[in-house]
Amino acid sequence: MTLATTTTSTLTNKKTKEVKVEFFHIDMIPDAMDKMNWSVAAKLMRHWFSISPAYAFTEQSKRAALKNDATNLPDAQVNSDIIKMSWAMQNGQVKKGVNELRRTWKSVRGIERLKFQISKGNINKNNEKTLGYSDSIRELDANAQVNIMKIGNKLDTINEWYGAMGNTTLKVCVRGRTNIIDNTFIVDKIGFYLKDSYDFVDDDGNPEPLGIWSKDRILDKKSSAFYMSTYLSGVWGVLVRNYSGFVPIFNSDFRRWQEKNNTGGDFIVLSDVLWMEALPKDKVIKL
2 MTLATTTTST
12 LTNKKTKEVK
22 VEFFHIDMIP
32 DAMDKMNWSV
42 AAKLMRHWFS
52 ISPAYAFTEQ
62 SKRAALKNDA
72 TNLPDAQVNS
82 DIIKMSWAMQ
92 NGQVKKGVNE
102 LRRTWKSVRG
112 IERLKFQISK
122 GNINKNNEKT
132 LGYSDSIREL
142 DANAQVNIMK
152 IGNKLDTINE
162 WYGAMGNTTL
172 KVCVRGRTNI
182 IDNTFIVDKI
192 GFYLKDSYDF
202 VDDDGNPEPL
212 GIWSKDRILD
222 KKSSAFYMST
232 YLSGVWGVLV
242 RNYSGFVPIF
252 NSDFRRWQEK
262 NNTGGDFIVL
272 SDVLWMEALP
282 KDKVIKL
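Converting from the sequence shown to my numbering requires adding 1 to each position, the first position being numbered 1.
Don't read these hints as lab results, they were simulated from the structure.
Note that beta-carbon positions come from the ideal geometry of N, C-alpha and C, so glycine has one too.
One or more hints might be untrue.
Stated by the list, open to error - When the alpha-carbon atoms are kept at most 27 Å apart in a straight line, the in silico DSSO-like pairs for lysine-lysine are as follows:
#, residue 1, residue 2
1, Lys-97, Lys-155
2, Lys-36, Lys-216
3, Lys-190, Lys-126
4, Lys-68, Lys-155
5, Lys-96, Lys-282
6, Lys-97, Lys-196
7, Lys-44, Lys-130
To be verified - Label pairs and their calculated CB-CB ranges:
#, residue 1, residue 2, range
8, Asn-180, Asn-38, 45 to 53 Å
9, Lys-97, Gly-206, 31 to 39 Å
10, Met-229, Asn-160, 13 to 21 Å
Put together the whole structure using the sequences plus the hints.
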């Protein structure tokens, strides 16, 4: 809390009064996340602030980074240390998505993708091709990923998942080998992981609100809707009485931070891998 001094004048005297002014900067958001026990979300944002010099995705470079071979991205543009599937599986949407994708990954699209990944590989001394035996998530994403599912939407409840990942992509990769005798692929394991972009890009050029924040917390969606309607109506007294210290945050605030400080960098997020047994019906794939 900072004290600001203002002076009011009359014809007969001058009075000095102290007015409490609460300053809020966007680099305080990770501390607010910690206070709400959003430790994973806080780690992601602190990682963004730690990147120097500043780096910003455009809509085009963001799409390319998400789509293209992750092994070709600069290390500064990828983080695979923060998001763990053990944490993500506590979210109902992720758990449901894993269960569904486990049943459906071997679709027409999935088989086509599997064949494409196999075609890139080299035949080993056992006269077979293998996929998915790397420990690198970037290599797995590039060379063993076979299907995807979108997770989350902007209407979800505001919680740590929303603050950390929000809308993301659940992916499945395979570990196994080809059998040249009967032209099949033998599935050893299937692995689930998340891939996303941590960025402050306004998609389609539309300003994206990132919540109403204070030094201690974020408002829930009901309170946020009331705040914004009051804010846009210019009823400042209501905001001062009920929401002192709260500020609406937008993507543009992070872009201004980058311009001013030359720190803060957008990056691709990759989780670790949750390996599972393939269902019996999916253990042998006819190619």
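Now for the hints, and whether the structure bears them out:
{"no.": "1", "hint": "Lys-97 / Lys-155", "verdict": "18 Å, holds"}
{"no.": "2", "hint": "Lys-36 / Lys-216", "verdict": "9 Å, holds"}
{"no.": "3", "hint": "Lys-190 / Lys-126", "verdict": "22 Å, holds"}
{"no.": "4", "hint": "Lys-68 / Lys-155", "verdict": "22 Å, holds"}
{"no.": "5", "hint": "Lys-96 / Lys-282", "verdict": "21 Å, holds"}
{"no.": "6", "hint": "Lys-97 / Lys-196", "verdict": "17 Å, holds"}
{"no.": "7", "hint": "Lys-44 / Lys-130", "verdict": "39 Å, violated"}
{"no.": "8", "hint": "Asn-180 / Asn-38: 45 to 53 Å", "verdict": "49 Å, holds"}
{"no.": "9", "hint": "Lys-97 / Gly-206: 31 to 39 Å", "verdict": "33 Å, holds"}
{"no.": "10", "hint": "Met-229 / Asn-160: 13 to 21 Å", "verdict": "20 Å, holds"}
Hint 7 from the earlier list is the only one contradicted by this structure; the remaining hints agree with it.
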